[in-house]
Amino acid sequence: SKTSFEHASLKGASLRGVGLSSASLKHASFAHADLSQSDLSGVNANDASFVNATLSFASLTGASGQGVMAENANFSLARLDNAFFSGGNLKGAFFRGADLTGASFNDALIEQADFTGLRL
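Here the sequence shown stands for residues 597 to 716, numbered as in our numbering.
Treat the hints as calculated values from the structure; they're not laboratory data.
Be aware that one or more of the hints could be misleading.
[What the hints assert, rightly or not] Below, in silico cross-link-like pairs of lysine-lysine (DSS-like), each with a Cα-Cα straight-line distance of 30 angstroms or less:
1. K622 x K687
2. K607 x K687
3. K598 x K622
4. K607 x K622
[Claimed, not checked] Estimated spans, in silico, between C-beta atoms of each pair:
5. E602 x G683: 14 to 22 angstroms
6. S600 x T712: 31 to 39 angstroms
7. H603 x R692: 15 to 23 angstroms
8. S605 x T712: 28 to 36 angstroms
9. R692 x S600: 30 to 38 angstroms
10. L714 x E602: 29 to 37 angstroms
11. F711 x S682: 27 to 35 angstroms
12. S682 x Q708: 14 to 22 angstroms
13. N668 x T697: 33 to 41 angstroms
14. G613 x R692: 17 to 25 angstroms
15. G693 x S600: 13 to 21 angstroms
16. F711 x G683: 17 to 25 angstroms
17. K598 x R692: 16 to 24 angstroms
The beta-carbon is built from N, C-alpha and C at its ideal position, and this holds for glycine as well.
Work out the full structure, taking the sequences as your base and the hints as a guide.
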């Protein structure tokens with residue numbers, strides 16, 4: 597069975613470099629958490645919160661998350677290729693040097709985000 601953190605509160609947790617590939621993160625809170633260099637590929641993050649979280653150098657390849665809240669999250673140099681995040685709030689997020697090849701952010705709020713050096 598796959599790992600599940602549904603409805604879990606991991607606010608401010610240090611999860612640097614963890615392997616959570618294909619985990620269910622529905623309704624979980626990772627606000628202010630450090631998930632840098634983590635493997636979050638294929639996760640289901642519907643309605644999860646990554647507000648002010650650090651996800652730099654993380655892999656979110658093929659991740660999905662409807663209604664994700666990630667205001668001011670740091671996705672610098674992260675892999676979000678083929679990720680699907682719809683209807684979420686990513687206002688002020690940092691995507692510097694991130695790989696967004698094939699990613700979808702339909703109906704998401706992405707105002708004031710930083711896309712410097714973005715890879716598409």
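Now the hints, each set against the structure:
Straight-line distance between C-alpha atoms of K622 and K687 comes to about 20 angstroms, which keeps the hinted pair within the 30 angstroms bound. Simply put, K607 and K687 have alpha-carbon atoms about 19 angstroms apart, close enough for the 30 angstroms limit, and the pair holds. For the proposed pair K598 and K622, the alpha carbon gap of about 13 angstroms is at most 30 angstroms, so the pair holds. At roughly 14 angstroms between alpha-carbon atoms, K607 and K622 fall within 30 angstroms of each other, so this suggested pair holds.
Checked against the hint of 14 to 22 angstroms, the pair E602 and G683 passes, with Cβ atoms roughly 19 angstroms apart. For the hinted restraint 31 to 39 angstroms between S600 and T712, the CB-CB distance of approximately 35 angstroms keeps it satisfied. Between H603 and R692 the CB atoms are about 31 angstroms apart, so this pair departs from the stated range of 15 to 23 angstroms. Here the CB-CB span from S605 to T712 is close to 32 angstroms, well matched to the stated 28 to 36 angstroms.
The hint said 30 to 38 angstroms for the Cβ distance between R692 and S600, and at roughly 31 angstroms that hint holds. Distance hint check: the CB atoms of L714 and E602 are about 31 angstroms apart, consistent with the given range 29 to 37 angstroms. A C-beta distance of roughly 18 angstroms is found between F711 and S682, which places it outside the suggested range of 27 to 35 angstroms. Against the hinted window of 14 to 22 angstroms, the Cβ-Cβ separation of S682 and Q708 comes to about 19 angstroms, which satisfies the hint.
The hint said 33 to 41 angstroms for the Cβ distance between N668 and T697, and at roughly 24 angstroms that hint is violated. Range check, G613 to R692: about 20 angstroms between beta-carbon atoms, so the 17 to 25 angstroms window is met. Remark: the range hint 13 to 21 angstroms for G693 to S600 is contradicted by a beta-carbon distance near 31 angstroms. Checked against the given bound of 17 to 25 angstroms, the beta carbons of F711 and G683, roughly 19 angstroms apart, stay inside it.
At roughly 31 angstroms, the beta-carbon separation of K598 and R692 lies outside the given 16 to 24 angstroms, and the hint is violated.
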